[in-house]
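Undergrad: The whole structure should be built from the sequences, with the hints applied where relevant.
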Amino acid sequence: MNFPVFDLHCDTALALLGEDLCRAGSLRKNEGHIDLERAKTLPGYAQCFACFTTTWEKLPEGTTVDQLFEREMVTVLREVERNQELISLTYSPCEIQENLKNGKMSAILTIEGPAGFGFDPALLEDLYKIGFRITTLGWNEKNVLCGSHKTGGGLTELGREYVFEAQRLGMLIDVSHISDEAFWDIMDITNGPVIASHSNARAVCDNSRNLTDEMFRAICQTGGVAGLNLYTEFLGENPTLDTACDHILHWMELEGAKHIALGGDLDGCEALPKGFAGIQDYPKLAECLLARGLQESEVYDIFWNNGLGVFEKCCM
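In terms of the numbering used here, the sequence shown opens at residue 1 and continues consecutively.
No lab work stands behind these hints, which were simulated from the structure alone.
Here a beta-carbon is modelled for each residue, glycine too, at the ideal position from N, C-alpha and C.
Quick list of in silico lysine to any residue cross-link-like pairs, SDA-like style, CA-CA up to 20 Å:
1. Lys274 to Glu287
2. Lys284 to Met1
3. Lys58 to Phe117
4. Lys40 to Ser88
5. Lys58 to Lys142
6. Lys40 to Asn30
7. Lys129 to Leu169
8. Lys284 to Cys269
9. Lys58 to Glu19
10. Lys258 to Arg217
11. Lys58 to Thr151
12. Lys313 to Asn99
13. Lys40 to Leu77
14. Lys29 to Asp281
15. Lys258 to Gln295
16. Lys40 to Gln84
17. Lys104 to Ser92
18. Lys284 to Gly236
Have a look at the derived ranges for each label pair, beta carbon to beta carbon:
19. Gly293 to Cys94: 29 to 35 Å
20. Leu158 to Gln295: 41 to 47 Å
21. Glu98 to Leu158: 34 to 40 Å
22. Lys101 to Thr212: 36 to 42 Å
23. Glu141 to Met187: 18 to 24 Å
24. Lys40 to Leu158: 38 to 44 Å
25. Arg292 to Glu157: 43 to 49 Å
26. Glu270 to Asp213: 25 to 31 Å
TA: Below, the structure is given as structure tokens:
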């Protein structure tokens, strides 16, 4: 069965730049996981496009992290403009709903790693005005805001300031990639919904990028969501679509039905589960969930309502 798709995370902006991080490919049609030609087969589509930067990975000579951030942002904006009959940049849940009603796709800008603007909370307001609606606090590195799932280390004083400013503006805090310590530090101070845009269940796949049951419950208590990540490393050994369903069903057992969304990590992962090759295959995941006993209304919530709902709580 074909449901509309609200996906909280992809790395298509970076993928379109290619290895030289300069020349943008086409969002309309490409060889990656996401393009608009394939997305048109869905009855509705809202995609969060991450602009990714980190201090950990070496960039091509002559490219700085701030240049990379700007190129990713400009690429998304340019490609949306070039394909405006199919997709538009959206700033609010109302615009996303209006696009769904009118048969148009929605693009939302997000931040994955604030290295591209120096981790400076004072710059978040300008980025919010441009259209950014989600921000992580880092990637796999330890930085001036917090530690990562690889390094450990809690939230710093600047990290607290960053969280407060993002939430003041109406920008969702995304805890994917950060350390367990930083996660709980954020939970101690949050005044709004918290999401894990592309993280799975650690009880199903024991990887530090995934959420413990206690973490998932804490996210639920804030009114947030966890987005199912389809990268094989975070699903389990030799994963299939059934393996992906295992993560969702585990969260359902934790009474988290209204707090599960999609966050495929498409165009940002080296391998996907057997049976899933790109955005066009989300209906296969839906069919698998239905076969595993979920109701159509529950699948619709996971595919659309829960992701949109957390935006309605935060990004008015």
